[in-house]
Amino acid sequence: MRTGHPNGTAAAPSPGERPRCRAAPHPAVISPQDPTLLIGSSLTATCTVSADLRLRAQDLYWTLNGRRLPAASYTTLGPTTLSVALARLNGSRQQSGDNLVCHSRDGGILAGSCLYVGLPPEKPVNISCWSKNMKDLTCTWAPGTEGETFLHTNYTLKYKLRWYGRDNTCQEYHTAGPYSCHIPKDLALFTPYEIWVEASNRLGVAVSDVVMLDILDVVTTDPPSDVHVSRVGDLEDQLSVRWSSPPALKDFLFQAKYQIQYRVEDSSEWKVVDDVGNQTSCRLAGLRPGTVYFVQVRCNPFGIYGSKKAGIWSDWSNPTAASTPRSERTAGGCDPKGGEQNTTLRRELKQFFGWVKKHSYGCSNLSIKLYDQWRVWLQKSHKTRNQVGTIWAPSGGKGGWEGGSQPQKEGSRGCPPTCA
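Sequential numbering of the sequence shown, starting at 1, is according to full-length UniProt numbering.
Derived by calculation from the structure, the hints in this document are not laboratory data. Be aware that a few hints might be false.
Each pair of labels, with its calculated beta carbon distance range [said to hold, decoys possible]:
id	residue 1	residue 2	range
1	190	34	45 to 53 Å
2	303	162	19 to 27 Å
3	105	204	34 to 42 Å
Derived lysine-lysine pairs resembling DSS-like cross-links, with alpha carbons at most 25 Å apart [stated by the list, open to error]:
id	residue 1	residue 2
4	271	135
5	132	250
6	158	123
7	309	135
8	132	308
Positions of the beta carbon are idealized from the N, C-alpha and C atoms, including for glycine.
Whenever a hint applies, use it, and build me the whole structure from the sequences.
Pasting the structure below:
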């Protein structure tokens, strides 16, 4: 459906579109002229030619959108007047009207009329709005359960401050799709707005329910910037991801949470890490050695100036690629059979817990870094391992993933640096 500007003016036809129906002066008159009808209605139209033409009713015929109408639908009402009966009309083929034309016997056009056959608009539904960095507001909506009216329909988005102020009309339409409008500036914070959409065509007007919102509750932002993905030393199943918080919101009081998604180079399936929290770094583990991964990050700013709403996710950042190191086992071309993986994992877990008893004597809690240290120790001992699944944890903080502590030497007593 083509939507129009809220001022009600007709939009110019796009390239390839049929021109709007125009009734030009002709040596005959069609009545009624340019009627508007509901779908399913019937119409009787008459064509009366000028006496100067020396044409009679039997010299005339009718066409609708270029198709000749059957003579059985004609009635001669006078020497120079021929009528046509149209029953159970369907919706107009084009929103600018169907062409009903009266012709002379030789095919000449004597007169024309535009038939507008359709439905009144339904009230717009599903109004959804968001503000980019608290600087503007974009809203979208749906035209109703049926949608198609077969008539040119104007949609007008209006808004005002809830407790005072006058109605304002949005001016920038179709910015985020066919049913959308953009308010670029002059928005108030800390005061709710009332927003609604009006739909109008030749058969009537419909108004949506009023939506109330506070700009602070619908803020989204740009994707995280400066996304970097790098290897974690020689650990062939891990990558470190770091990024920067949205600079456009640096001067505002807010919280942020992040999501990461990643995929291997030869796959279109993304895996999502949901609970990154408000950290700006994360380590992905359980990856395939010697494999290129693409990583993206997105941000959800919430709690802006105390807002209780959940916030709106930004777009994903551009993909950033990095590869995991190749393992000696992979390089050798000898992969264990699938049935051996569980046995290998059980053996490694037994080795790990034995190593923990020896190297973390006197410690009351463990961190995932301790597991990393054991993995390094295991690799240096030239033992095989096969970790399955995906493990991740935010960087920074006590017991976090990141850090440069060296694993304890075999036989040492006391707590490793990560066990506090």
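So, going through the hints one by one against the coordinates:
1. 190 with 34: 45 to 53 Å: holds (50 Å)
2. 303 with 162: 19 to 27 Å: holds (22 Å)
3. 105 with 204: 34 to 42 Å: holds (41 Å)
4. 271 with 135: violated (32 Å)
5. 132 with 250: holds (14 Å)
6. 158 with 123: Holds, at about 14 Å.
7. 309 with 135: holds (18 Å)
8. 132 with 308: Holds. Residue 132 to residue 308 sits at ~18 Å (cutoff 25 Å).
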